[in-house]
Amino acid sequence: MSLTSPTGFLTSSVKDALGWARKFSIFQYPFVTACCGMEYMATNCSHYDQDRFGAGFPRFSPRQSDVLFVVGTISHKMAPVLKTVFDQMCEPKWVVAFGVCTCTGGFYDNYSTVQGIDTIIPVDIYIPGCPPRPENVLDGLIKLQDKIQKGEQSRTLYDPRTKIGRPEELQSGYTIEGHIKHIETLS
Amino acid sequence: MTPLERVQQQFANGIIETHAFRGDETVLIRPACLRSVANFLKDSPELDFNFLMDLTAVDYLFFAGGRVQKEHRFELVVHFYSSTHNHRLRLKVPVDEKNPEVDTLSDIWSSANWYEREVWDMFGIKFKGHPNLKRILMYEEFQGHALRKDYPFDKRQPLIGPAN
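For the protein sequence lines, the chains are A and B, in the order given. The opening position of the first sequence corresponds to residue 1 in the working numbering, with each subsequent residue numbered one higher. The opening position of the second sequence corresponds to residue 1 in the working numbering, with each subsequent residue numbered one higher.
Just chain A, with the same shape it has in the complex:
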């Protein structure tokens, strides 16, 4: 918390205190549709323990939650449901795209799968991986907490024609060459 803001002591402090309170009391809505859900549960259980970050309490009503965790592949048939759930959430709200299917569609480049949920709802944090390791998830959660502290929220959708609104790392989609390159960087 910065107590010496040039723009005024009181307003910035209230904003910081609100951010601090919000980031350590994340009430999440897990929108779990596929295999990533297992990794999400592992992250939430005692070994990795999301509760350390104040995000251990899932609410199964969108009206009581402030972070939407979209975990797993979203099909075109499911997309209106996801949009409705997002619209039902009260402000302030954030969205986490968990797993590569929600980020870009992943390898499901086919007739049934939404090519990234950022085409239908704004996404704050992307956690790619198939599935992401719990460490990746916790890293994403900490990045989300930074965003909440700063009071930032994503408001824009991804436009596939102009290619604006999605991180550059996720633009190219899945390629064999990129995968080999990624494996080489690991070793």
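Among the hints, erroneous ones may be present.
Taking lysine-lysine pairs in the PhoX-like style, the calculated list, with each CA pair at most 20 Å apart, reads [unchecked claim]: (1) Lys92(B) / Lys128(B); (2) Lys77(A) / Lys134(B); (3) Lys77(A) / Lys42(B).
DEER-style ranges, computed between Cβ atoms [stated by the list, open to error]: (4) Asp49(A) / Asp54(B): 38 to 44 Å; (5) Ala32(B) / Ile164(A): 56 to 62 Å; (6) Ser110(B) / Cys130(A): 33 to 39 Å; (7) Ala34(A) / Leu61(B): 28 to 34 Å; (8) Phe21(B) / Ile142(A): 40 to 46 Å.
Quick caveat, the hints were computed from the structure, so don't treat them as lab data. Glycine included, C-beta positions come from ideal geometry on N, C-alpha and C.
Following the hints, put chain B in place on chain A, whose structure we already have.
Frame of chain A, contents of chain B only:
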């Protein structure tokens, strides 16, 4: 006597071809006698196929890169299992492209009901006499049948959002 030999004995005229390899038996039958063969498989005590395991279809358009031309574009594939005799049989029926329609099996084996809806959804093969033939996986607004080989692989029909 294996199930295949029993079917061959009973329906000598209805069979187009058969195939057997190490107990894995397949019989290709004429569409006209699908119902009678199915009833025979279900009701005769020495076969007693009480379980329809799977019902799906194959689209042979552009099969083997277009080198193999089949007389009929589709084939319906049905897998049966008998839990009393512990034997299996695969039944195939050729389906024409112009009039893709075969008789339903859903009144003989109830499990065929949703499988036939899936085949209708994905391949556009109609089932005569099916009680509720509508899409099961895709939404009603979806145009065409997604697993047909002439459905463009990059065609998108989203309900909301851009068609990317």
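Status of the hints after comparison with the structure:
1. The hinted pair formed by Lys92(B) and Lys128(B) meets the criterion: a straight-line CA distance of about 17 Å does not exceed 20 Å.
2. Annotation: proposed proximity of Lys77(A) to Lys134(B) holds, straight-line Cα distance about 15 Å (limit 20 Å).
3. Restraint check for Lys77(A) and Lys42(B): the C-alpha separation of about 37 Å exceeds 20 Å, so the hint is violated.
4. For the pair Asp49(A) and Asp54(B), the beta carbons lie near 43 Å from each other, so the given range of 38 to 44 Å is met.
5. For Ala32(B) and Ile164(A), the hinted distance range of 56 to 62 Å is satisfied, since their beta carbons lie about 59 Å from each other.
6. Between Ser110(B) and Cys130(A), the C-beta spacing of about 37 Å keeps the proposed range 33 to 39 Å intact.
7. For Ala34(A) paired with Leu61(B), a C-beta distance near 31 Å keeps the hint of 28 to 34 Å intact.
8. Checked against the hint of 40 to 46 Å, the pair Phe21(B) and Ile142(A) fails, with Cβ atoms roughly 57 Å apart.
When held up to the earlier numbered hints, the structure conflicts with 3 and 8 and fits the remainder.
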